[in-house]
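Peer 1: Input sequences plus hints: build the corresponding full structure.
This is what each chain is made of:
2 protein chains.
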Amino acid sequence: MPKARLKIIPLGGLSEIGKNMMALEYQNDIIVIDAGLMFPEEEMLGIDLVIPDISYLVENRDKVRGIVLTHGHEDHIGALPYLLPQLNVPVYATKLTVGLVSVKLKERKAFSGAKLKTVSFGEKVSLGQFRVEFFPVCHSIPDSAGLIIQTPIGTVIHSGDFKLDYTPVCGEPTALSRLAQLGGQGVLLLLSDSTYAELPGYTPSESVVGETLDRVIAEAPGRVIVTTFSSLVSRIQQVIDSAAKYGRRVFIVGRSMSDTVHMAIELGYLHAPEGVLARLDELRGLPHNKIIFVTTGSQGEPTSALVRIANQDHPQLHIIRGDTVVISASPIPGNEGLINKTVDTLFKQGAQVLYNKVAPVHVHGHAAQEELKLMLSLIKPKFFVPVHGEYRHLSFHGTLAELVGIPKENIFVLEDGDVLELNQQSGKKTGKITYSNVYVDGLSVGDIGSVVLRDRKMLSKDGIVMVIIAINQQTGKLVGRPDIVSRGFVDTTESSEMIEASRDLVAKVLDHGGARPADWSYINTKIRDTLNKYYYDQTRRRPMVLPFMVKV
Amino acid sequence: MPKARLKIIPLGGLSEIGKNMMALEYQNDIIVIDAGLMFPEEEMLGIDLVIPDISYLVENRDKVRGIVLTHGHEDHIGALPYLLPQLNVPVYATKLTVGLVSVKLKERKAFSGAKLKTVSFGEKVSLGQFRVEFFPVCHSIPDSAGLIIQTPIGTVIHSGDFKLDYTPVCGEPTALSRLAQLGGQGVLLLLSDSTYAELPGYTPSESVVGETLDRVIAEAPGRVIVTTFSSLVSRIQQVIDSAAKYGRRVFIVGRSMSDTVHMAIELGYLHAPEGVLARLDELRGLPHNKIIFVTTGSQGEPTSALVRIANQDHPQLHIIRGDTVVISASPIPGNEGLINKTVDTLFKQGAQVLYNKVAPVHVHGHAAQEELKLMLSLIKPKFFVPVHGEYRHLSFHGTLAELVGIPKENIFVLEDGDVLELNQQSGKKTGKITYSNVYVDGLSVGDIGSVVLRDRKMLSKDGIVMVIIAINQQTGKLVGRPDIVSRGFVDTTESSEMIEASRDLVAKVLDHGGARPADWSYINTKIRDTLNKYYYDQTRRRPMVLPFMVKV
Numbered sequence: 001m002p003k004a005r006l007k008i009i010p011l012g013g014l015s016e017i018g019k020n021m022m023a024l025e026y027q028n029d030i031i032v033i034d035a036g037l038m039f040p041e042e043e044m045l046g047i048d049l050v051i052p053d054i055s056y057l058v059e060n061r062d063k064v065r066g067i068v069l070t071h072g073h074e075d076h077i078g079a080l081p082y083l084l085p086q087l088n089v090p091v092y093a094t095k096l097t098v099g100l101v102s103v104k105l106k107e108r109k110a111f112s113g114a115k116l117k118t119v120s121f122g123e124k125v126s127l128g129q130f131r132v133e134f135f136p137v138c139h140s141i142p143d144s145a146g147l148i149i150q151t152p153i154g155t156v157i158h159s160g161d162f163k164l165d166y167t168p169v170c171g172e173p174t175a176l177s178r179l180a181q182l183g184g185q186g187v188l189l190l191l192s193d194s195t196y197a198e199l200p201g202y203t204p205s206e207s208v209v210g211e212t213l214d215r216v217i218a219e220a221p222g223r224v225i226v227t228t229f230s231s232l233v234s235r236i237q238q239v240i241d242s243a244a245k246y247g248r249r250v251f252i253v254g255r256s257m258s259d260t261v262h263m264a265i266e267l268g269y270l271h272a273p274e275g276v277l278a279r280l281d282e283l284r285g286l287p288h289n290k291i292i293f294v295t296t297g298s299q300g301e302p303t304s305a306l307v308r309i310a311n312q313d314h315p316q317l318h319i320i321r322g323d324t325v326v327i328s329a330s331p332i333p334g335n336e337g338l339i340n341k342t343v344d345t346l347f348k349q350g351a352q353v354l355y356n357k358v359a360p361v362h363v364h365g366h367a368a369q370e371e372l373k374l375m376l377s378l379i380k381p382k383f384f385v386p387v388h389g390e391y392r393h394l395s396f397h398g399t400l401a402e403l404v405g406i407p408k409e410n411i412f413v414l415e416d417g418d419v420l421e422l423n424q425q426s427g428k429k430t431g432k433i434t435y436s437n438v439y440v441d442g443l444s445v446g447d448i449g450s451v452v453l454r455d456r457k458m459l460s461k462d463g464i465v466m467v468i469i470a471i472n473q474q475t476g477k478l479v480g481r482p483d484i485v486s487r488g489f490v491d492t493t494e495s496s497e498m499i500e501a502s503r504d505l506v507a508k509v510l511d512h513g514g515a516r517p518a519d520w521s522y523i524n525t526k527i528r529d530t531l532n533k534y535y536y537d538q539t540r541r542r543p544m545v546l547p548f549m550v551k552v
Numbered sequence: 001m002p003k004a005r006l007k008i009i010p011l012g013g014l015s016e017i018g019k020n021m022m023a024l025e026y027q028n029d030i031i032v033i034d035a036g037l038m039f040p041e042e043e044m045l046g047i048d049l050v051i052p053d054i055s056y057l058v059e060n061r062d063k064v065r066g067i068v069l070t071h072g073h074e075d076h077i078g079a080l081p082y083l084l085p086q087l088n089v090p091v092y093a094t095k096l097t098v099g100l101v102s103v104k105l106k107e108r109k110a111f112s113g114a115k116l117k118t119v120s121f122g123e124k125v126s127l128g129q130f131r132v133e134f135f136p137v138c139h140s141i142p143d144s145a146g147l148i149i150q151t152p153i154g155t156v157i158h159s160g161d162f163k164l165d166y167t168p169v170c171g172e173p174t175a176l177s178r179l180a181q182l183g184g185q186g187v188l189l190l191l192s193d194s195t196y197a198e199l200p201g202y203t204p205s206e207s208v209v210g211e212t213l214d215r216v217i218a219e220a221p222g223r224v225i226v227t228t229f230s231s232l233v234s235r236i237q238q239v240i241d242s243a244a245k246y247g248r249r250v251f252i253v254g255r256s257m258s259d260t261v262h263m264a265i266e267l268g269y270l271h272a273p274e275g276v277l278a279r280l281d282e283l284r285g286l287p288h289n290k291i292i293f294v295t296t297g298s299q300g301e302p303t304s305a306l307v308r309i310a311n312q313d314h315p316q317l318h319i320i321r322g323d324t325v326v327i328s329a330s331p332i333p334g335n336e337g338l339i340n341k342t343v344d345t346l347f348k349q350g351a352q353v354l355y356n357k358v359a360p361v362h363v364h365g366h367a368a369q370e371e372l373k374l375m376l377s378l379i380k381p382k383f384f385v386p387v388h389g390e391y392r393h394l395s396f397h398g399t400l401a402e403l404v405g406i407p408k409e410n411i412f413v414l415e416d417g418d419v420l421e422l423n424q425q426s427g428k429k430t431g432k433i434t435y436s437n438v439y440v441d442g443l444s445v446g447d448i449g450s451v452v453l454r455d456r457k458m459l460s461k462d463g464i465v466m467v468i469i470a471i472n473q474q475t476g477k478l479v480g481r482p483d484i485v486s487r488g489f490v491d492t493t494e495s496s497e498m499i500e501a502s503r504d505l506v507a508k509v510l511d512h513g514g515a516r517p518a519d520w521s522y523i524n525t526k527i528r529d530t531l532n533k534y535y536y537d538q539t540r541r542r543p544m545v546l547p548f549m550v551k552v
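These protein sequence lines map, in sequence, to chains A and B.
Mapping the first sequence onto this note's numbering, position 410 (from 1) lands on 410, and the numbers just tick up by one.
Mapping the second sequence onto this note's numbering, position 482 (from 1) lands on 482, and the numbers just tick up by one.
What the hints contain is simulated information worked out from the structure, not anything from laboratory work.
Below, a list of computed lysine-lysine pairs in the BS3-like style, where the Cα atoms sit at most 25 Å apart: (1) B:432 x A:341; (2) B:428 x B:3; (3) A:551 x B:508; (4) B:382 x B:7; (5) B:357 x A:357; (6) B:357 x A:373; (7) B:341 x A:429; (8) B:373 x A:357; (9) B:290 x B:348; (10) B:429 x A:348; (11) A:461 x B:457; (12) B:348 x A:7; (13) A:348 x B:7; (14) B:3 x B:380; (15) A:432 x B:341.
Restraint-style ranges between C-beta atoms, simulated for each label pair: (16) A:283 x B:492: 51 to 57 Å; (17) A:279 x B:350: 57 to 63 Å; (18) A:500 x B:492: 27 to 33 Å; (19) A:434 x B:349: 20 to 26 Å.
For each residue, glycine too, the CB sits at the ideal point set by N, CA and C.
Peer 2: Pasting the structure below:
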């Protein structure tokens, strides 16, 4: 009897910071891997978040056996508070990831009925005809997992986000020998992280950063302020270790940093020798060279502790000449401007600032080309699908797979919503499900469409001009002078003459309007055409012109 | 008799791409160095350009002896069309720079009476008590100059934008021995380019890129599309040279690229062997591996040739599977998103894309730390002012100067509008002139202030809601139902119920308005408060609420 085909459907993840999600489907069973969110791109004006479109999963709700999470970063778990109310299935993850998801669900008061299941490395979970085993990988958050998924037609390996770090600071190295062993037995499909597939060579070990941090902390003449991602527990561990070594005390600043540090200590992912961590009220009287602050703000977020400190807007802390600030993170694409501004502000106040461009104070958590090739070579999958990254990253990863000997026809670069079907012999893109970005703006999920975004774009560029006219219901004639109000278009004082002139222009147009002055759509168009042209001639700007009629 | 003090006043330049401009003032003479523009930052919504504030120069117009330009990039000459009408003084520059300024003035039909003077390297120009000599420096545009400025109290050297390239592709290497000789004689002040002062080491020679381009052009299986800055003449020269070597023909695509290439050939800065350059109508029938296109679009500009080709929106050209696209430029900060999108689109259509992250296809035109130290060491100035760059770059450059032995008290990191006064013994910041960014938006220069920008920001985030109410003049009572129109706030179909409910809410508030219903400012505030709260509760969004009253 010919076996059924395995379907692979990416539901997100074509972006560096991108709402990673994927469905695997076999007959009546679907499992979902990750449920991430994406921060909006520049042109998504006013949007808070972007999440995956799960219409396909909702339509096939009775098939969905569970959601499996690889690790606790926002781009892998952040959409859960929005999706779980629609798709209440069990969620499987390692201990820290479950902890982070719980915090997130509680914060958003999103969903109290979530079925969160903690899974250990090596444990196997049966989800319909799928059997899922978690294995450890190194990444920039502890407890990161890859997945070994047994399916009726063969083994699927999902790398999660990973790098190869033989000297990790927290947790175990990526489980290479287990993967090599599976490779020897035959692997049907590898799904592997492409985020850094552009970069030649190897990604350095986390411990490299420790050496730099240690030197900085040893040599800094005054206070040291280290900012990083709150989830980058290994980085915080290294700061604590150096602090202990040089007799400095560590002050954790900012709520989200405090929350994560406390959870990580409680769960045993972070270790602080007695007396190293301190509360802000213990600051007074401590010599400057005995002080380290650990704060959020590595992305220049306006409400973060570091940015408030830089802007002299923090209730307790401000920069003192001689402070050393270490930005131990790399910019998430799009945040460069905010970060640069923060660095400039810190320099102006007399701080010395160290960041990735000028000193090795950060390494990222993704495999570069040689590591990706090693992974491909150990696992030797029959089929390969690059995941996690923009199209160019997936393309480069596809090329790497070709280089190590996977036949071109077995490599599939997919886009969100593509359906890839595999049997043991061959694979084929067989279609595309309906898929689009889902925008979260305030309380609403999915109500913002292209019209609203187009309007916001137009408003942001040249503002708006409202024209209010009163028309006599009986005669259809204009009553009084048209009124004009603008916002974001011109300086209303300096341009008052032009605005007055345009009121007269509208009056004139309506007077000579001819044919059907009572026909609102005609009047509306007439006013807009006239003012669009007039304002463009006068200013070379194109505000949104919005006429409004009051019948009196 | 004690000599007067020399004043140094930066009027722009605190940005990587930044409207560089500076004034030197001695008694009754002012000379201006450069007159650049800046492209708007993300939060400057709808702004086309930012130019320097020249109020100080306009106030002291009778002192200004001339504008001296170092080279022809936008951030050094782009503000001239806006400033010359206000400040009609002679402009001095080398031949290509004068050519580019003429084109720019003609394009903008800005100013026909400009007094442009071409100056050769080594030639000396007297401007009041200043004597200015141009010397050659290497940068990413030919005919780049540094300035040796003799003043009554000593020699000032301005580096222009420069790097040290001992094997430049066009023009002469930076005039190091001349500078060393001046250093021996004593230099009062060095003003030096800080753009890449963050980067350790040396900037590679332009000829390094030539080797990569040559290999790409030799090995590409099909057509090659090279995109770069149109002013990067040396890059275009290297493409033409390799094309000639491998029997490919070069098609220049796009108006601005064609214009610059033709001017550069005419003025003798670019050399093409007979038969290498071709017109688009000669394309037909040519084998793909005999074709090179040179286009604009290296910054992902939506109207550029490359982006239109990528978006299948170019009248003559589209991507063919097997094309090799070389983006021979680095992203100007802020353009990363547009460029990445273009690269992804090209990959999706089957092109191979090479860019700076994956292959050495670009070097920039600014000195890195070792070169900056060499410059400081040769010139050995008494005083040092880092120029060209954001505050962090200037700070790093200041630190480099300290390292090579310039006393800290003789190094001045200035901000726009600062006034530094020097005599032969000491220097001091003595004040600050009025200085602010000047925004160009359409035809207007300087009319956009903080209110308009704040409104645009608010509109871009959550849109606008207009409320129109009719009030009976006699009774002061509401006539009919309030009207509400929104743009960029919510999907008006999906949210029609909420909008209807908010109309009723306004009516209710006005009915119960109490005290002084005829007082418009009271009504206005009341409506805004009510709707702000209601909409925020319903949506967590904060649209601009704009009530409008018609008296009937």
